[in-house]
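S.K.: The chain contents come next:
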Amino acid sequence: MTAALRLAVQSAWVDFQEVAVNGFLLFGAVWQPFFIGVTTMYMLRHRADFDPMYVIVGTALSGIFSTLLFAGSGAISHERWIGTLELLVASPASFFLVIGGRLAGTTVFSLLSLLLAYGIAALLFGYPIAIAEPGWFAISLLFAVAALWATGMFFAPLAILWRAVGHFLLGLEYPIFALSGLLFPILLLPGWTAPISNILPPYWAAVAMHGAARGDLDLPGLLRAWFFLFLTGGALLLIARLLFERVLTRARRAGTLALS
Amino acid sequence: MLRRSVGAIELRDVRRLFRATTGTLRRHTKEIVALDGLSLDVGEGELFGILGPNGAGKTTTIKVLTTLLIPTSGTATVMGLDVVRDAKEVRRRIGFVFGGERGLYYRLSGRDNLRYFAELYAVPPREIRSRVEELLDLVDLRPRGDERVEGYSRGMKQRLHLARTLLHRPRVLFLDEPTIGLDPIGARELRRIVRQLHEGGATIVLTTHYLFEADELCDRIAVIDKGRAVALGTPADLKSNVSDLSVVELEVFGIDAGTVERLRALDFVDSIVVEQRELRQVLRVQTRIAERAVAPLIAAVAAGQVGRVAVREATLEDAYVRLVGRVE
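First to last, the protein sequences are chains A and B. According to the working numbering, the first sequence is numbered sequentially starting from 1. According to the working numbering, the second sequence is numbered sequentially starting from 261.
Source of the hints: derived by calculation from the structure; they are not laboratory data. Just so you know, these numbers come straight off a predicted model, no measurement behind them. All residues carry an ideal CB built from backbone N, CA and C; glycine is no exception. Misleading hints may appear alongside valid ones.
Stated by the list, open to error - Simulated restraints, written as ranges between beta carbons of each label pair: (1) Arg47(A) with Gly411(B): 51 to 57 Å; (2) Leu142(A) with Leu398(B): 42 to 48 Å; (3) Asp342(B) with Gly171(A): 37 to 43 Å; (4) Thr249(A) with Gly411(B): 53 to 59 Å; (5) Glu407(B) with Leu124(A): 55 to 61 Å; (6) Asp397(B) with Pro175(A): 52 to 58 Å; (7) Arg414(B) with Ile139(A): 50 to 56 Å.
To be verified - Chain A is nowhere near these chain B residues, computed Cβ spacing over 10 Å in every case: (8) Leu329; (9) Gly363; (10) Arg367; (11) Pro385; (12) Pro495.
Stated by the list, open to error - Coverage of chain A stretches by chain B, computed from C-beta distances (three or more under 8 Å per stretch; other residues unrestricted): (13) 71-84; (14) 249-256.
Just chain A, with the same shape it has in the complex (with noise of 0.2 Å):
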């Protein structure tokens, strides 16, 4: 166990060196927030029911579900271009955990949207940034990223069979923005839309963390919240165990770990 916690953080130490500095992600977790932020503060600052924290939160959340959504599969994708991705794989270490603490060091990193956006509504728009319940808030924001983390670990292993899977996540981005509800209610959805949005982690990562914020869900809603949060994330995380090992094995048998 010591040793599988040291080499995950020291995979998530290997991530923050290589990927502190990549413009893609910088974009997902500081710019793009950046911009979600301002203009949705500056859209919405004159109609009476505006609630700041509700953007503040969506704005952070999706920060930290762009970072996480594209971290995972761009670290092997990364692994691949410098050669590394076989290394991995032909090593003894689990690279599951490898990719799962590569991931890590990005959700510190992606962290800093949430810095940002309440950054924006204090700094540039005055706004009061106090959180109605802090406790359960940063239980939330830590079951949140839980989540989170989980959904980019279900998507990273796609990308050793298939190079172009940036493309596919770039579609789902934002159709799971609208399904989880991180900008706006998903009450103004079509009806059929609210079984998708239950066994996204990201709803119940804006359900929590909305609640917690503004202090209009009680302790039953947010523990159902986290129960769900911890429902969609594990079954993520256990579907992501099984496809790693059957990608790793359908990669070798297929010749197509490396990048020629």
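Since the structure of chain A is provided, determine the placement of chain B on it from the hints.
M.R.: Structure of chain B alone, referenced to chain A:
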């Protein structure tokens, strides 16, 4: 010294096919045979060379043995462990280097690269620091260990690769063209380290395009072509295949394909290799009649086209040419 005891590596009838797709609208898939029933044995403690032209299957063989490719059929074992069934156990016992500069984290220092790979290979934490320093010393990189790899020369990167592969003290090493692209001094230094590892008892499988390197280092050599072993033996064994031959080297200018074919058809010519060197070519003619072949050869080439002429004993490279019929 040839050290062969129990089999460290065994390949039995290994076939490996790849699928290649052609066409845009009407796509066709064809199968390419990379290994075609290859069988080999490497003894423990042996330094075993694999030679062959581009596309012969050298790297595929190494990738099968390092668990990166699953054979289409046949079996391969390393230290008695099956590379498919016992892949994880095989990985603990082997180290490998693929030639070229890729395969390192460029934004990390050389020392941090080694530390990370030490974690991947589960080197005990209390040993990591000393092992990393020991290996940096071995490959002469200690003074520059804290610099980012992106600033290293090709030779330094290659030496770092070698250090990386030794972190967990593997019993079997696979070195796939480790000296490719290195300057002569860098290549010589790397060969010195390989020799040192071999003397330390490691089983080493080396692929190379440099025949003198194989001759200098290897206990035994397999020449493979089109995925099959076409010869196997000590360098001396392979050279004995051409002991009846001498080589006439003719430096020529602007020789055409027709003339080469005419020379090839001469009854005393065993084989010819043409090597392009800027504006001139060097013809290497293998023949059994040595000096007596010189005059007829010059006569067969147009007057004024011939420069330097030399006759020498056949080398391992000539044995290789005779076996695979071409040079790169």
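S.K.: Now, for every hint given, state plainly whether the structure supports it.
M.R.: Results of checking the hints against the structure:
no.: 1; hint: Arg47(A) with Gly411(B): 51 to 57 Å; result: holds, 55 Å
no.: 2; hint: Leu142(A) with Leu398(B): 42 to 48 Å; result: holds, 45 Å
no.: 3; hint: Asp342(B) with Gly171(A): 37 to 43 Å; result: holds, 41 Å
no.: 4; hint: Thr249(A) with Gly411(B): 53 to 59 Å; result: violated, 38 Å
no.: 5; hint: Glu407(B) with Leu124(A): 55 to 61 Å; result: violated, 41 Å
no.: 6; hint: Asp397(B) with Pro175(A): 52 to 58 Å; result: holds, 55 Å
no.: 7; hint: Arg414(B) with Ile139(A): 50 to 56 Å; result: holds, 51 Å
no.: 8; hint: Leu329; result: violated, 5 Å
no.: 9; hint: Gly363; result: violated, 4 Å
no.: 10; hint: Arg367; result: violated, 5 Å
no.: 11; hint: Pro385; result: violated, 7 Å
no.: 12; hint: Pro495; result: holds, 30 Å
no.: 13; hint: 71-84; result: holds (count 3)
no.: 14; hint: 249-256; result: holds (count 5)
When held up to the earlier numbered hints, the structure conflicts with 4, 5, 8, 9, 10 and 11 and fits the remainder.
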